[in-house]
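Protein sequences appear in the order of chains E and L.
So the first sequence is residues 1 to 393, counted in my numbering.
So the second sequence is residues 1 to 220, counted in my numbering.
Be aware that one or more of the hints could be misleading.
Stated by the list, open to error - To spell it out: a stretch of chain L is covered by chain E in this simulated footprint if at least three of its residues, at any positions, have a beta carbon under 8 Å from a beta carbon of chain E; those stretches are:
1. 27–34
2. 54–65
3. 95–106
4. 112–126
5. 133–142
To be verified - Partial pick of chain E residues on the chain L-facing surface, computed with a CB cut under 10 Å:
6. Thr66
7. Gly358
8. Leu363
9. Leu366
10. Val369
By construction, these hints were calculated from the structure, which means they are not laboratory data.
Quantities reported herein were computed from a predicted structural model and do not represent experimental measurements.
Every residue gets a Cβ at the ideal spot worked out from N, C-alpha and C, and that includes glycine.
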Amino acid sequence: MTTPIDQILPAETGERLRLARESAKMTQAAAAQAIGVARTTIVAMEQGERRARTSELQQLAKLYGTSVNAVLRRESVHVDLAPRFRRMVGSDEAAAEAAELMADLAKAEVELENLLGIKRERNYPPERTILPGDVKAQAEQDAAELRQRLGLGIGPVTNIVTLLEMELGVRVYIRRVDGRISGVFAYDDALGACILLNANHPRERRNNSGGHETGHLISTRRQPEILHLDEIENSREERYANAFARAFLTPARAVLQKFQEVTAGADRMTRRHVIILAYFFGVSREAMVRRLEELGSVKLGTWDWFVANGGITDEQARQVLGDLIFPDAEKADADRPTTLRLNLLAYEAHRRGLMSEGQLARLLHLDRVELREILGSQPHEGDDADGGREILE
Amino acid sequence: MAVNRTKVTTPTEAGKYLSNCPSPLVADTSVVINLIATGFASSIIGALPQPFVVVDVVPSELAIGRGRGRMDFEQFDELVNGGIVKVFNLGHIGMQHFEGLVIGAAAETLDDGEAATIACAIEQSGVAYIDERKAWRICSERYPALRVGCTVDLLTHADVRAQLSDETVADAIFNALQRGRMSVLPTHFSAVVSLIGAERAALCESLPRSIRVSAQKPAV
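Chain E on its own, in the form it takes in the complex (with noise of 0.2 Å):
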């Protein structure tokens, strides 16, 4: 008699399988001891040598901390990147759970965007492999190239995230992560790219982090990468991301012609002047001075001057932008259990019947009475809010 697990080639299982122990970070030998079988068997199932038993299933899967479903259900998501990230990182645990976040999240979206039949489009830019040679002047080259791609002119960027998502199809997260970790990127087949930038920075900075992550969709795209907090740059890819994200959010040209209209009839540069072209173009005001210092406008040394001064505070900013500093709503939304999206996605998953709750709760790593309160925030069937006109095909 045919059973359901062999509708499923072994292999397919053996893979399954791995990348759930893997994900669940133990080694085969530690497996096979939970369970009570030789680590040969464990061996020979991952290679899909040999069929592995449905209660043997369940015992491995309780011991990897999910469910045999959410190994073997059809859609289901399966790809190696926080193991990948985890050999990358090494013993830095907070990278590996932010890259663990941006994984899970990733593949939740995707079964979920699969089950409803929504296709998400990917406009990458085409990726520019570093060349040999100045690595500044290849990643001045290539964001001036995705700045008219995107018909941006030489305007600012001021919220990358939207564009990164809406121009390009990136998956972008914003979740509070530990504070060392300032964006990670990853790109693979079945998710896309993607990138998770740290909700517990400024929004400015997160700007800077997503220009960063940019660079290397555009350079690197196949490395997964994990930026930290003030990283010495140690290698040409480094360098070139960095140069990228400068170029992409403050542009020679327009930071030029700003610093001229801001400065105007003044012969030195206040704090005043940095606030005001720092917030124009979406960037922390470090980044603005050192823009400005590389582009001659002011000496090697000014950001330093200043901190050596007593810093440009945020009580300052506040003072000269008055009511034009706006909300982080981004923050607000990174406090919720997950993604606004998600919820959405879920809801609409759980409404049409095609994921019951306990299959939900796992996907997004959610206890029930969370979840209940994501599907339960959305209006119920026949609310006032539910209320609506039929979307045309």
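Model the placement of chain L on the given structure of chain E, informed by the hints.
Relative to the frame of chain E, chain L by itself:
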């Protein structure tokens, strides 16, 4: 693999079969969470005439909430230690049904706890208690003879009402709605509202707004 036994029962009808049925009541994680949220889990389960069991997957699903400060697992553990709840493992037949319920297309499968609850109810000739519409749909399509119920069926069971008083039952339902965000079947809305009263129903966000509003409207 479909089984054909006894009378075909829809989820909403399951409540009325309880008293006459010696079969175990097999509860899923969703139901256990609701019962614990009532604040009267021990008295409610103790009042039921049949053995109350869960499958071994349920405790590990409850443990997921521990990291977020929820105490469901600890309270469930007390029920098990007190002999009020029994934990079953699936046997050979149950495991076959389990496999059929967890492997396949997402829309046609369930997570392990939900699937094992159904498989166990089939194996033990019991009644499956799951607060999950998709599970009910799968049961009605694949196991039409299986009796399926929901938390409200347990809370409004005649023996429970007799032993706990209607007032306590109303408090229990209100707590399940408030603390556990218990979902209620449309067929049970009026019973729930009449038990807990319009004023408290209006406070329960897991009830549809239309129900909360209409509960507060004066009868014409």
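Status of each hint after checking the structure:
1. Taking a C-beta to C-beta cut-off of 8 Å, the stretch 27–34 of chain L contributes 4 residues in contact with chain E, enough for the three needed, and the coverage statement holds.
2. Chain E is given as covering the stretch 54–65 of chain L, and this holds because 5 residues of the stretch bring a CB closer than 8 Å to a CB of that chain, at least three being needed.
3. Here's how the stretch 95–106 of chain L fares: 10 of its residues keep a CB closer than 8 Å to some CB of chain E, so the rule of at least three is met and the hint holds.
4. Closer than 8 Å: that is the beta-carbon criterion, and the stretch 112–126 of chain L has 4 residues meeting it against chain E, so the requirement of 3 holds.
5. Beta-carbon proximity to chain E at under 8 Å applies to 4 residues in the stretch 133–142 of chain L; the threshold of 3 is reached and the given coverage holds.
6. The restraint placing Thr66(E) at the interface with chain L holds, with a minimum CB-CB distance near 9 Å, inside the 10 Å limit.
7. Annotation: Gly358(E) was flagged as interfacial toward chain L, and the flag holds, the nearest CB pair being 3 Å apart, inside 10 Å.
8. A least Cβ separation of about 9 Å between Leu363(E) and chain L falls short of the 10 Å threshold, and the interface hint therefore holds.
9. Because the closest C-beta pair between Leu366(E) and chain L is about 8 Å apart, less than 10 Å, the hint holds.
10. Of the supplied interface hints, the one on Val369(E) holds, with its beta-carbon coming within about 6 Å of a beta-carbon of chain L, less than 10 Å.
Going down the numbered hints, you'll see the structure goes against none, and every one checks out.
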